[in-house]
Amino acid sequence: MPPPAPADDAGDRPLVLLSQTPLPHFAAALEGRYRLVLAADADAATAAEARVLLVAGLNKVPAELLDRLPALELVTAVPVGVDHVDLAACRRRGIAVTNAGPAFAADSADYAVGLVVAVLRRVAAADAYVRRGRWATDGDYPLTTKVSGKRVGIVGLGRIGSMVARRLAAFGCAVSYNSRSPKPSAPYKFFPSVLDLAADSDVVVLSCALTEETRRIVNREVMEALGKDGVLVNVGRGGLVDEPELVRCLREGVIGGAGLDVYENEPDVPPELFAMDNVVLSDHRAVFTPESFRGVLDLVAGNIDAFFAGRPLISPVTL
Amino acid sequence: MASSAAATASGEPPVLPSLLLIRRLDPAFAAALRQRFRVFDFFASGDPLPAFLAAAAAAAAAPDPPRAAVIMGGGSVRVDAAFLDAIPSLRCVVGTGAGVDHVDLDECARRGVLVANSGTVYSADVADHAVGLLIDVLRRVSAAERFVRRGLWPVQGDYPLGTKLGGKRVGIIGLGNIGSLIAKRLEAFGCVIYYNSRKLKESVSYKYFPNVHDLAAESDVLVVACALNKETRHVINKDVLRALGKDGIVINIGRGANIDEAELIRALKDGRIAGAGLDVYENEPKVPAELLTMENVVLTPHIAVFTSESISDLRDHTISNLEAFFSGKPLLTPVLP
Numbered sequence: 001m002p003p004p005a006p007a008d009d010a011g012d013r014p015l016v017l018l019s020q021t022p023l024p025h026f027a028a029a030l031e032g033r034y035r036l037v038l039a040a041d042a043d044a045a046t047a048a049e050a051r052v053l054l055v056a057g058l059n060k061v062p063a064e065l066l067d068r069l070p071a072l073e074l075v076t077a078v079p080v081g082v083d084h085v086d087l088a089a090c091r092r093r094g095i096a097v098t099n100a101g102p103a104f105a106a107d108s109a110d111y112a113v114g115l116v117v118a119v120l121r122r123v124a125a126a127d128a129y130v131r132r133g134r135w136a137t138d139g140d141y142p143l144t145t146k147v148s149g150k151r152v153g154i155v156g157l158g159r160i161g162s163m164v165a166r167r168l169a170a171f172g173c174a175v176s177y178n179s180r181s182p183k184p185s186a187p188y189k190f191f192p193s194v195l196d197l198a199a200d201s202d203v204v205v206l207s208c209a210l211t212e213e214t215r216r217i218v219n220r221e222v223m224e225a226l227g228k229d230g231v232l233v234n235v236g237r238g239g240l241v242d243e244p245e246l247v248r249c250l251r252e253g254v255i256g257g258a259g260l261d262v263y264e265n266e267p268d269v270p271p272e273l274f275a276m277d278n279v280v281l282s283d284h285r286a287v288f289t290p291e292s293f294r295g296v297l298d299l300v301a302g303n304i305d306a307f308f309a310g311r312p313l314i315s316p317v318t319l
Numbered sequence: 001m002a003s004s005a006a007a008t009a010s011g012e013p014p015v016l017p018s019l020l021l022i023r024r025l026d027p028a029f030a031a032a033l034r035q036r037f038r039v040f041d042f043f044a045s046g047d048p049l050p051a052f053l054a055a056a057a058a059a060a061a062a063p064d065p066p067r068a069a070v071i072m073g074g075g076s077v078r079v080d081a082a083f084l085d086a087i088p089s090l091r092c093v094v095g096t097g098a099g100v101d102h103v104d105l106d107e108c109a110r111r112g113v114l115v116a117n118s119g120t121v122y123s124a125d126v127a128d129h130a131v132g133l134l135i136d137v138l139r140r141v142s143a144a145e146r147f148v149r150r151g152l153w154p155v156q157g158d159y160p161l162g163t164k165l166g167g168k169r170v171g172i173i174g175l176g177n178i179g180s181l182i183a184k185r186l187e188a189f190g191c192v193i194y195y196n197s198r199k200l201k202e203s204v205s206y207k208y209f210p211n212v213h214d215l216a217a218e219s220d221v222l223v224v225a226c227a228l229n230k231e232t233r234h235v236i237n238k239d240v241l242r243a244l245g246k247d248g249i250v251i252n253i254g255r256g257a258n259i260d261e262a263e264l265i266r267a268l269k270d271g272r273i274a275g276a277g278l279d280v281y282e283n284e285p286k287v288p289a290e291l292l293t294m295e296n297v298v299l300t301p302h303i304a305v306f307t308s309e310s311i312s313d314l315r316d317h318t319i320s321n322l323e324a325f326f327s328g329k330p331l332l333t334p335v336l337p
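These protein sequences, in sequence, are chains A and B. According to the numbering used here, the first sequence holds residues 1 to 319 in order. According to the numbering used here, the second sequence holds residues 1 to 337 in order.
In short, the hints are calculated from the structure, not lab data. Among the clues, some could well be false.
[Claimed, not checked] SDA-like mimics (lysine to any residue), calculated; alpha carbons at most 25 Å apart, straight line:
#1 K168/B - P102/A
#2 K146/A - S312/B
#3 K184/B - G149/A
#4 K184/B - R169/B
#5 K269/B - R134/A
[Unchecked claim] Reference excerpt, derived from the structure (chain B facing chain A, CB under 7 Å, subset only):
#6 A124
#7 D125
#8 D128
#9 R139
#10 L161
#11 G166
#12 F189
#13 N283
#14 V287
#15 V298
Cβ atoms here follow ideal geometry from the backbone N, Cα and C, with glycine treated the same way.
With the rest of the complex left out, here is chain A (with noise of 0.2 Å):
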């Protein structure tokens, strides 16, 4: 990274408007080389002026916001999904918009892989079981069942997607995924609906956007398809599954289990899965590791850099 402008330049500095405050050491890092002032606080000079905004967290981003800012070319989102952001708005004005996708993929897709572990071979729940001292008392923990080999089906073959496949490809899981439309380069068998994705596979897992087309994706008859053996995995958005439904199958062994990074309602978790050995739960960490805040910084000046020199942005989301 390019060392900041000096500080005495402040005029100098291009201007950055935020959606929300950052965390602290992504404003540390980004107000050496940007004059960065929240939106909610822009005077209507700085409104009419600024031409990028960096949307700094899952706080809603409506059309409201950005009509206030006439000039706005570019928003810059640190996370991966931007379905917060009024995307139809931007696109309507013709407004580009970048996230930090690439930065933080192989993360998402190592803690995907890791929830599919936890969740067939039940390694948080036989941990429990040792913690509690049921292993000296009750004897040995039930047989799981085996990863390799399984059959996984992958929503949404984007970075983390692809991603997720490769990893479980070298556990020697056959690999197959839906997408909005076939990737010549995959080398996996394509559904074109998630349905049939669902009745070919044992494993399903979630790394798609949450958009108008996606919302809901998984609901009673995918998990029906999926069947009682069934696991699925989210590290996408909670909105992608009807949660209610989702609960009522586990409860009803309609599926066999889940693991979940991500809810309809966070940081609330429908309680009723917290009596469930089959169900893995984690608070929306899939995305985060301290190292890839590195790169998400990174990536973040680098697209805003990138638009004040005029240069291609560097991870443009397709709207």
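Position chain B relative to chain A; hints supplied.
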């Protein structure tokens, strides 16, 4: 002498070969053995081992003394000189684990007793579990799980993050079937693979370290995937843990005795290493109490081999070894001293 179930001249039901069974079996496995053999079941007898062996030797003396035994994959029953003295007719011991550290291989060889293990039946499952433990420890999967399950997410905010897998140097101790499968899986995560083995393996491109101390010094994670024998007892000791360092992680899917458990616990308590993922312990099923409250360890109750698929594969494999022996053919997976 040829095996099984030739009907006698008088048309009586065939005499099944006698088989000692020194392992608890699921019903399907037990039934499959009983179909083919006259089974003397140690755990069902309730007798102490010497009495059981003597009774089996006597009862089966005519017409067919027990020539084969199916034994546990590990644990307290040792096939040693005393055991072999008690059943002099024994010519084949089929272990149901990959490890045969509870079998005196030299003594068996001296007496012409063949030994078989479970071959690669379990290898993928153990490798899968090892990788699952590694991801769990590095990314704090189980710890975050506990946190969310206790309802703490809305109250305390996010649980502390783990650390990235990509680029981590993983030192595998023992690059046999299991070690190789672990290596292949971790390569897909962008880990760098190093290893220690008795000898360098020409066919792999991973960096070889002739001793475990040097391996530890250059690794972020150590994975124990070797057999337990005289050389590998406490292969992870105070010196190796010091070389591994305060950001280092230990994963053990070998045998508890591969690690100096007391030293490991001290190192964890003092923060001299960063964490551990353990499936085996020196004194199962006892897990030292100090581990039970640590957030940076993942503890599983020796489950790496136990999937329903591997149990069914084990059954087929064990029977294949027995049938090979009883028909005078070579064992599928013999183990030599």
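Here is how each hint holds up against the structure:
no.	hint	in the structure
1	K168/B - P102/A	holds, 19 Å
2	K146/A - S312/B	holds, 11 Å
3	K184/B - G149/A	holds, 15 Å
4	K184/B - R169/B	holds, 14 Å
5	K269/B - R134/A	holds, 23 Å
6	A124	holds, 4 Å
7	D125	holds, 6 Å
8	D128	holds, 4 Å
9	R139	holds, 6 Å
10	L161	holds, 5 Å
11	G166	holds, 5 Å
12	F189	holds, 6 Å
13	N283	violated, 10 Å
14	V287	holds, 6 Å
15	V298	holds, 5 Å
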